[in-house]
Amino acid sequence: MQSPFKLTAIAALTFVLSAPVPAATIPAGTQLHPTQTLVRSNGSEPESMDPAVAETVPANQILRDLFEGLTATDTTGKTVPGVAESWKQTNPTTWVFKLRTNAKFSNGDPITAEDFVYGIRRFVDPKTASPYAATFGVFLHNGLEIAQGKKPTSELGVKALDKHTLEIKTQDPIPFMAELVSNTQLGPVHKATVEKWGKEWVKPGNMVGNGAYKLKEWKVNNRIVVEKNPNYWDAANAPLTQVTYLPIEDQFADIKLWESGETDYVYQMPPGVFDKYKAQYPKELRNQAIIGVRYYDYQTKDPAFKDVRVRKALSMVIDRDILSKRVTADGQPPAYSMIVAGTVGADPTPYEWANWPMDKKVSEAKKLLEQAGVKPGTKYSFSYNTSEYHKKMAVFVASEWKTKLGIIMETETMEFKVLAKKRHDGAFQIARNGWLADYNDATTFLALIRCDSDQNTNFHCNREAEALIKKGTQSTDAAKRKEFLTQASKMILDDYPVIPLVQYSLPRLIKSYVGGYSELNPQDHYRSKDFYIIKH
Amino acid sequence: MNSILDQLPNLVAPPRSLWSDARRRFLRNRAALVSLCLLSLICLACVIGPWVLPHAFDSADWESMSAPPSFANSHFWGTDDAGRDLLVRCLIGGRISLTVGLLATLSSVTLGIVWGATAGFVGGKVDAFMMRIVDMMYAIPYLLIAILLVTILGREFYLVVLTITVFSWMDMARVVRGQTLSLRSMEYVEAARAIGVSTPRMIFRHIVPNLLGVVVIYTTVTVPGVILTESVLSFLGLGIQEPMTSWGVLIVAADRKLTHLRA
Amino acid sequence: MWSYTLRRVLAAIPTVLVVITVCYLLLHATPGGPFDSDRKVSAAVLANLQAKYHLDLPLWQQYLLYLKGLAQGDLGASFRYADWSVNDLVASALPVSLAIGGTAMLLAAVIGVTLGIVAALRQNSVVDYFVMLLGNVGSAVPSFVLGPVMIIVFAILLKWLPAGGWHDFELRFMVLPIALLTIINVSTIGRVMRGSLIEVMHSNFIRTARAKGLPTRVVVMRHALKPALLPVVSLLGPLAISSITSALVTETVFSLPGLGKLIVNGAGNRDYTLVLGLVVLITMLTVTLNLLVDLAYAWLDPKIRY
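Protein chains in written order, with our numbering: chain A, 1 to 536; chain B, 1001 to 1263; chain C, 2001 to 2306.
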């Protein structure tokens, strides 16, 4: 029986949006360039153009142009209506989406709720082997069990109530549902195309999507070109007619292409050149902190790290201000908590010693090490994957530990795959790690430090905090949920299973004639339909 | 008559071995001498320099990162990204690179000569078999071997030498084999065979010394190649482990900073 | 000679088999698998992925399956580029690498041999030193330094050429990469040519030719060149192979969709089928080129008989 207080809360959570929000908001008086095409670099060659299977940022970037989910994200990161024109939460674990009637696939077929049912079922089906199946599936009713192969896909909590109404049942109440369904993994898929072409349905000429763009050309390791989809319901508000994605892996080659005018948009700037380029291209350098955190894992089951005092001491003495201002030097704010600023659903809980003067931190740390019986000269091994960036951070941390505590860090570089395996197997003492939010809610970061989580590679488990997290995720009151999750996160962090270091930022160079890019976007979720080319 | 014969020993130049002859010609060539001196100076600097200079190669000076050269803080060649003195790192790196270069060259040249000369001289099925092995070594992507060796055995310095040797000996083997095929039809080889010289002795006393010309040329091409292979390994992240450094590691890091030539 | 050629072609088959087997074992022995990444995949998904790519079968069975596919010309499916078959990937990268690497090798051979001859004939003169200097610079400066410098000069400062990229064999994208590879190879070829020719010029038969009163040009072109080319030709095979298949630095610096990048990414991603497919290709190329080089030996030195 639900209390009246809870019902009010549910009512407060209900919201209806009716008017379609125009996509590209072009300021009045802007003169547009006659040719509206964009050439941009996109990091690496996508692993797949199948929306169910893709997992990397570069792939998702292109998929956001080719497909559209129930909702979408605008350039500031705000959730806006997509195929669904309105939605409401009818009870804590049920959402009903009303699809717009004029939404069509790129081949003209209308989009119905059944297409979403097909698409989402296909996504969690273990046969599709999607790496994200558990990550998003866990939120859907029976989603996790289906992804683990324990239940058939027909038991998924996604149902078409009628042609234009979709009902989704969630496992626990999730306040961020609207944002979650903006992911193309949970979008509609054209069943007939998949059945006709099988694996080849994602190739240009075969692919049928519902985004603002359709796939025109795909040359592996060379380019992916998308062109405007006239059947898109909001085609009138998508100024760009063509976007070319270049999979340039080498970041230095990337900025050179931009400087020579071959591209308009750099994927990400390489480390170490930020200041130089900021001075030279102040207006074209964009940078924003995004919700992601760089941290080091302790192997808490290793005898060397059994004592929390050791873990605390090592974390305390690292000067994160110098780290962020001088070492990484690209606008990445220091992080003293695994929940970073901008995350919804829990507050960052920086350590109480975060603002102490360094001398105080060092003397306290020395005391802790003494109490724990750790003498100067002790060696710890540190594993990281080869990259200039990680190396710089490691060199800095090693130097901090050596000069302030006399602790020696023995670094071990290895290839990425080897590191990933070692982390999951626990075959390390300290390892570098990093995590970008899959969706904007604290649970994406809590997955790194809570019990029994696949993504927890520090092997620490605090049952009390785990109980709090469960209470929080099952709560229907947003404020209470936030309180529980924040408390739980502080509890776990006080056990020092990890060393949070800095928050990710996204330094890139974009020509000043490219409009529509907002530095408020916290997850690098942009759509090409929001961009436009100013007359130049 | 007798007088001339008596004076003969004074008129004829003393006998010289081929080696001393070569040494004299080398020392008379100015370019060769200068190069030898330069090389010795570099080696000396790499050995002695780090002991003499004030900074250690792995101590980070957070106050001056990526700083230009200056006398004030005695960073004569400036500092790198992590604030470490570049002059000392270059000299320490030199130790590693020169040693790696020397050792890897020696081992790959030796292996290459033995392999190629034997294959070329013996000929027939043995030649075919040995050269097919060379073909196979060429075909196996060296990155694969590098990753495997590095991942399983570690990144000790002698393993880097081993890895580089594994991909560098084939060129020498092919060149030597080619020359051997040519030399094996020479008269002195036939003569030696007629006398009954054994095959190994023939290879090593008759063929190889006549190959040395090509071998030397090729070695001078191999040494920088080996040092560069080490730097490509570092480019791929498989080279010398931090905080130790080498010229390869240093040049890759420095090249990254070469973004524009404007002041 | 034809029977020799036939024997070599037939010998290619066991060569390819041995190389595949060695690489296959190496790949599976290397720690880390294709599905190890930041995000740990759930057990059910992993089981499905492995079943899809036959990774759940014992090694020897996978091996036989692979060989069977190979015999039918099917190189398998790639893990990393999930929507493409290895045949597709090789077919898209090979023409690019051939165009860049092959052209660069031809140019380097012609220029290198010419420079080597000129330097050898004017040994220890200014011309010689100049040529040797060029050679040394090309040899000592690593490609990953020279490449970006070329980009900065020609693409950013002068804006004559693009800073990289590739669009269907348009010439402007090919100029800088070919130039880079040519410079690097010219130095090696030139130096070996020079040294070899100097040595040959000191031999008895050349002295005889000169004593006969023949002009230098004839002496060199008709008598000295062929034997002097022997070590150079030995080089050309491996240089060509590495220019075509391992031009990783060139491809990275100029963002070219070639074979070098595929193989390095393949190894890094433990994309077994992609790496094996490329290995098959490289082996066949190596065998062919080495055969051509060996046949060239017979042409250059009539005493060499097969």
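Rather than coming from a laboratory, the hints here were simulated on the basis of the structure. Ideal Cβ placement from N, Cα and C applies to all residues, glycine included. Warning: the hint list may mix true and false statements.
Sample of chain C residues with no beta-carbon within 10 angstroms of chain A, all distances over it, derived [unchecked claim]:
id, residue
1, Asp-2088
2, Ser-2092
3, Gly-2268
Within a straight-line C-alpha distance of at most 25 angstroms, the following computed DSS-like cross-link-like pairs (lysine-lysine) qualify [said to hold, decoys possible]:
id, chain 1, residue 1, chain 2, residue 2
4, A, Lys-511, B, Lys-1125
5, A, Lys-278, A, Lys-511
6, A, Lys-191, C, Lys-2052
7, B, Lys-1125, A, Lys-283
8, B, Lys-1257, C, Lys-2159
9, A, Lys-379, A, Lys-312
10, A, Lys-283, C, Lys-2159
11, A, Lys-203, C, Lys-2052
12, C, Lys-2159, A, Lys-278
13, A, Lys-199, C, Lys-2068
14, A, Lys-471, A, Lys-490
Anything over 12 angstroms on all C-beta distances counts as not near chain A; from chain B, calculated [to be verified]:
id, residue
15, Asn-1029
16, Asp-1081
17, Ser-1107
18, Thr-1110
19, Tyr-1188
20, Gln-1241
Task: Earlier hints that do not hold, by number - done: 1, 2, 3, 4, 7, 16, 20
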